[in-house]
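Make one complex out of these two single chains by using the hints.
If you read the protein sequences in the order shown, they are chains A and B.
If you read the first sequence in the working numbering, its first letter stands for residue 907, the second for the next number, and so on.
If you read the second sequence in the working numbering, its first letter stands for residue 794, the second for the next number, and so on.
It is worth saying that the hints were derived from the structure and are not from the lab.
Pairs of lysine-lysine, DSS-like flavour, derived with a Cα cap of 25 Å:
#, chain 1, residue 1, chain 2, residue 2
1, B, Lys-866, A, Lys-947
2, A, Lys-928, A, Lys-950
3, A, Lys-942, A, Lys-1001
4, A, Lys-946, B, Lys-906
5, A, Lys-977, A, Lys-942
6, A, Lys-950, A, Lys-1001
7, A, Lys-947, B, Lys-871
8, A, Lys-1001, A, Lys-973
9, A, Lys-1001, B, Lys-848
10, A, Lys-958, A, Lys-1001
11, B, Lys-866, A, Lys-950
12, A, Lys-946, A, Lys-925
13, B, Lys-871, A, Lys-946
14, A, Lys-947, A, Lys-915
15, A, Lys-947, B, Lys-906
16, A, Lys-942, A, Lys-973
Short derived list, chain A residues pointing at chain B, Cβ under 8 Å:
#, residue
17, Lys-947
18, Ser-954
19, Val-994
20, Gln-1008
21, Pro-1012
If you anchor each label on the Cβ, the simulated ranges turn out as follows:
#, chain 1, residue 1, chain 2, residue 2, range
22, B, Asn-892, A, Ser-974, 15 to 23 Å
23, B, Lys-871, A, Leu-989, 36 to 44 Å
24, B, Ala-864, A, Thr-913, 41 to 49 Å
25, B, Asp-819, A, Ile-962, 18 to 26 Å
26, A, Lys-1001, B, Arg-856, 25 to 33 Å
27, B, Asp-819, A, Asn-963, 13 to 21 Å
28, B, Asp-819, A, Leu-989, 28 to 36 Å
29, A, Asn-957, B, Asn-851, 32 to 40 Å
30, B, Lys-906, A, Lys-947, 15 to 23 Å
31, B, Gln-850, A, Arg-1015, 34 to 42 Å
32, B, Pro-907, A, Asn-957, 45 to 53 Å
33, A, Glu-1007, B, Ala-864, 23 to 31 Å
34, B, Ile-839, A, Lys-1001, 13 to 21 Å
Computed from a predicted structure; not experimentally measured.
Ideal Cβ placement from N, Cα and C applies to all residues, glycine included.
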Amino acid sequence: DTAVSQTPKYLVTQMGNDKSIKCEQNLGHDTMYWYKQDSKKFLKIMFSYNNKELIINETVPNRFSPKSPDKAHLNLHINSLELGDSAVYFCASSKRTSTNEQFFGPGTRLTVL
Amino acid sequence: AQTVTQSQPEMSVQEAETVTLSCTYDTSESDYYLFWYKQPPSRQMILVIRQEAYKQQNATENRFSVNFQKAAKSFSLKISDSQLGDAAMYFCAYRSNNNNDMRFGAGTRLTVKP
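The shape of chain B in the complex, shown without the other chains (with noise of 0.2 Å):
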């Protein structure tokens, strides 16, 4: 089964500044997708950005990036300029082309402080 992890159960970040989200994952597949998922205190799961594991180009959604090394199997993600409202659980997921599992890491909690 696939597995994903964050390492950083906590992260902060200074307002304006950047922070980059660590997660990996266990597959011996070759197609799949990442995703990665924000929980506001709202409760709402709003995604983030995706990637298809074929492509080589990591996906860029505005101040949003990631760094996807297929090899090492890692995901993680880049908020540049960080503002008030990226404050959230952040969750890392990986889903199997071959079936509709969703697997989540466990999530890691970003503060921006002001």
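Only chain A is shown next, with the shape it has when bound in the complex (with noise of 0.2 Å):
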């Protein structure tokens, strides 16, 4: 299937702990990104990425970053994670010359206890 995959769908941690979160997209795009969504639903993108350019929504803590070994993966590393991390993050691609539609994975719920 073509599509945006994320691993693990839920990941439930430690105060402190450091973890990933891996996206993979088999799309053929080249641009992509990573949303938080809170407990009341609010999107906010976090990272765009694409091969020459990053760029970081200047309110995202800098424990957060983003790490691609190649155009099909963008994988999300936390360090020293705090409670109000704990959110529904998605990862999503897009082709910068198309209708810059965007297309999203299933989301990865993060439980920090």
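Dropping the structure here:
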């Protein structure tokens, strides 16, 4: 299936731990994103990245870092997890030359205890 | 920065009836894209419909249509013949043609009553 996939779907961890969420797209897109959806369902972009440029939302703590081993992957690393990091994290991708539609992964629900 | 406003946190509609979800946005740009995404309880974000700002004709996808008023910066979604499966959170989104940012509204939770 052509899609954006994320692993894991659920992640429960203790405060202070370091964790990663993986994202892969097989759509041939050149730009990938990470979004955070809080408990009130508000979606905020965290990062957008293509092979040339990383754009960081300035409100994102530097404990969060995207890592892209290749064009099809954009993983999210989170250091020293805090209670407020609990949210659903969505990966998305798009092709710059298209109608700019973004395709979303299924989301990862992160719970920090 | 562009902002997207959805003034209806919750809406409900009777099955088979029509409902309109509101969205307004603020921008100084002339070239951009607008989207409606649906998020059912499964959490998956699903594109419902898109509109290019340079097109005057309102987009339509089966039972879903938009009323795009560029001067008023309004982009409402009309769902005709509502079905139980339409129950979801609906997000309006704006994307500039100049960068990759997609700005989302706060969402409208739609309930469909049988």
